[in-house]
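In the order they appear, the protein sequences are chains A and B.
Take the first sequence: its position 137, counted from the start at 1, is 137 in my numbering, and no numbers get skipped.
Take the second sequence: its position 155, counted from the start at 1, is 155 in my numbering, and no numbers get skipped.
Simulated from the structure, these hints should not be mistaken for laboratory data.
If you're wondering where the values come from, they're calculated on a predicted model, not measured in any experiment.
Heads up, the beta-carbon is just placed ideally off N, CA and C, and yes, glycines get one too.
Don't take every hint at face value.
Claimed, not checked - Footprint (simulated), chain A over chain B, 3 or more residues, beta carbon under 8 Å: (1) 69-82; (2) 122-136; (3) 166-179.
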Amino acid sequence: MKMRYLLVMAATSLLPVANLQASQADHVTASNAWIRLLPANLPASGYVTLQNTALSTASLVSAHSTTYASVMLHKSAMGSGGMSSMHAVSQLAIPAQGKAVLAPAGYHLMLERSSHAVKAGDTVDITLDFADGSHLPVTFLVRPANAADPN
Amino acid sequence: MKCSRLLRLVILSCAMVASALLAACHKDVQQPWQLTDISGHMPDLAFRLTDDHGRTVTAADYRGKVTLLYFGYTHCPDVCPLTLAHLHVVMQKLGKLADNVRILFVSVDPTRDTPAILHDYVNAFDPRAVGLTGTPADIEALTKRYRAAFTREPGKADGSYDVSHSSGIYIFDVNGKARLLATPADGQDRLVHDLQLLLNSGGAS
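Here chain A stands alone, though its shape is the one from the complex (with noise of 0.2 Å):
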């Protein structure tokens, strides 16, 4: 009886993993996509909600674009002393049917290099790549520096 109970359970717990002949990036929606322009082509940053309808998590690992020659996963921390910092992130987990969300003094894309001048009201496409090797492209909408948070 016992060991019935056990194998439906074991076969349960591969449901989700059978599931995922859909990528990650399927299962992923993104939303208020956004870029906070600075001038002078200093460093930009992007902004992005991540809904994930999966019943397993998805990982996002870096992202790329053609507008920008670097794109990075950052994360701002507030430190002991009120010291802000802001360091490199390998991965960003979306949990599964939940969201993770990139917004300022958190997460972020960092964007660096433009390969031409990007203005406010121009859309720049970055293409999130998820840890099992899918592709997310998203339309960012470009802000001007002192844009309020639209969240």
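Could you slot chain B onto chain A? The hints should help.
Leaving out everything else, chain B in the frame of chain A:
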């Protein structure tokens, strides 16, 4: 019996008077500020730096203005812009009063932050923001004066680097006296409230 009742009444009224006095006293002591009051705990605004027009400026050049001192750097794409955008909204909410306010953005990355880059950067946020840079020694002296700190982080493969820095916003009155400390987490309304109070009081301590 009657005496004891009278005594009880006297004690009770004394207690009421005392608590009323305490309340009144407490009310007098209560701070009108919504941000952290640093009056008397931080030194007056003093520096000699280069502004974003390339001119040598000192704190005396900003007497008559309420100043918001913030340390940051232009290659900071997330927290510095967030803070400056936040301050821009505060300035907008202050309306005409904002003409008497200056945001002093002091670079903790003087190697990369030339006056020209600082000029483009601060003006992207607010016309009343001033970019200040100087020698590393001058910048360090100013941060130490306000017990702020900054650390240049190890360089990356492409030669770029990040700078960790204190995130406080130091607010000085029109006489250059340190008055309030805000953090980026303080809501815009708290800043607007206290700045209005500071501007309307004429900055008198």
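How the hints compare with the structure:
no. : hint    : in the structure
1   : 69-82   : holds (count 8)
2   : 122-136 : holds (count 4)
3   : 166-179 : holds (count 3)
Comparing the model with each numbered hint stated earlier shows that all of them hold.
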